Amino acid sequence: MSPATTALNDLHTELGARLVDFAGWELPVSFAGVIPEHLHTRESASLFDVSHMGQVLLRADSGDLGDAATALERLTPASVLGLKPWRQRYGLFTDPAGGVLDDFMFSHHGEHLYLVVNAARTEHDLALLRTLAGVSVEHVTDRALLALQGPRAEEALAALVPEVAELVFMDSRILPWRDVELWISRSGYTGEDGFEISVPNAWAEPLARALLAMDQVAPAGLGARDSLRLEAGMPLYGHDLTPEITPAQAGLGWAIPKVRRRGGSREGGFPGAEVILPELEAGPSRLRMGLRPEGRAVLREGTPIFAGPDATQPVATITSGGFGPTVGGPIAMAMLPGAPSPGEVLQAEVRGRRVPVTVTEPPFVPHSYKR
Numbered sequence: 001m002s003p004a005t006t007a008l009n010d011l012h013t014e015l016g017a018r019l020v021d022f023a024g025w026e027l028p029v030s031f032a033g034v035i036p037e038h039l040h041t042r043e044s045a046s047l048f049d050v051s052h053m054g055q056v057l058l059r060a061d062s063g064d065l066g067d068a069a070t071a072l073e074r075l076t077p078a079s080v081l082g083l084k085p086w087r088q089r090y091g092l093f094t095d096p097a098g099g100v101l102d103d104f105m106f107s108h109h110g111e112h113l114y115l116v117v118n119a120a121r122t123e124h125d126l127a128l129l130r131t132l133a134g135v136s137v138e139h140v141t142d143r144a145l146l147a148l149q150g151p152r153a154e155e156a157l158a159a160l161v162p163e164v165a166e167l168v169f170m171d172s173r174i175l176p177w178r179d180v181e182l183w184i185s186r187s188g189y190t191g192e193d194g195f196e197i198s199v200p201n202a203w204a205e206p207l208a209r210a211l212l213a214m215d216q217v218a219p220a221g222l223g224a225r226d227s228l229r230l231e232a233g234m235p236l237y238g239h240d241l242t243p244e245i246t247p248a249q250a251g252l253g254w255a256i257p258k259v260r261r262r263g264g265s266r267e268g269g270f271p272g273a274e275v276i277l278p279e280l281e282a283g284p285s286r287l288r289m290g291l292r293p294e295g296r297a298v299l300r301e302g303t304p305i306f307a308g309p310d311a312t313q314p315v316a317t318i319t320s321g322g323f324g325p326t327v328g329g330p331i332a333m334a335m336l337p338g339a340p341s342p343g344e345v346l347q348a349e350v351r352g353r354r355v356p357v358t359v360t361e362p363p364f365v366p367h368s369y370k371r
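Numbering (the UniProt record's numbering), first residue to last: 1 to 371.
Because the hints were derived from the structure by calculation, they are not lab data.
Take these hints with a grain of salt, some might be off.
Computed list of lysine to aspartate or glutamate pairs in EDC-like fashion (alpha-carbon distance at most 20 Å, straight line) [as the list claims (entries may be wrong)]: (1) K370 x E166; (2) K258 x E274; (3) K370 x D67; (4) K84 x D64; (5) K258 x E279; (6) K84 x D171; (7) K370 x D171; (8) K370 x E163; (9) K370 x E43; (10) K370 x E123; (11) K258 x E244; (12) K84 x E111; (13) K84 x E166; (14) K84 x D67.
Ranges between beta-carbon positions, derived for each pair [stated by the list, open to error]: (15) P356 x A158: 43 to 51 Å; (16) H139 x A32: 32 to 40 Å; (17) R351 x I174: 47 to 55 Å.
From a predicted model like this one, the values you see are computed outputs, not experimental measurements.
Heads up, the beta-carbon is just placed ideally off N, CA and C, and yes, glycines get one too.
Modelling step: build the complete structure from the supplied sequences, incorporating the hints.
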């Protein structure tokens, strides 16, 4: 079966993109090249097509958004009820064993909740949401999703939509541009300031062209998006987040607020709470950490990690790895046992030889958000 295409497919081809099949979608992996696109994002602003992500609206049958929020809290340890209007949060869908089924963003849009879920998990997440009583679930398929990321993102988008200059990190708004509504959040997956913009399919190309006409904006693909999120220390579902990894092990305890923890007014009530909540108090048996290899060898996913040069049994494997253009060398993440300390030196095995790797706490590049 041919991959699905986004509303920007013709524009990608026109711009010379190298297209790949990703999660059932034909998407650009690069334009000018992964490294130049990565560096341009850190220095200026880049436009990414992330229309493969699933967009979902959740409404309460009662018309009361609080009922939709209460329902969603049966699937996630996030505080949905505590989300203020026109704000956004990060959430996790968990399973009865305490593992992670997906991670997602959710926004309070006044009369409904707006969710953005991972492309490969869209059908799974829709089915999960449809198990909730008293809510309607709408899969939004007539809108594209663009991400404008980088320190000059505000300057560029504000030239078209001046109101975005008033937004701070994790704000969400519905704002007019020409004859359409843009659903805009000040967020992203790069560690940089930026915006994610939901736009009707018919207007995606005009919006993209208007942004790309600006000197500070260049197109970027999935390759740079991945190296940027890796430097930012952000987990990727299916790699650093799986049903075998709990929120605490993934270093995502911050996504579970006090109100949902033991002693909180809405303690538990989500799948796996009896595993997740005690682990948050006691500490996990392993933890997602960063690794800086010695030399130039790139550590790819699945690379074994050993406690020392003579150890025969691996203690972990790489979950995400690659070259960090801003860092100027290889970087990786792994689930390390016990309580790993930054500065500790372990050994990776690359093509039959051991390479020293230094444990570090992610992110590798500081986040740069407007707060």
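Quick one: which hint numbers does this structure break? Sort them smallest to largest. Violated hints (numbers, rising): 3, 10 and 11; every other hint is consistent with the structure.
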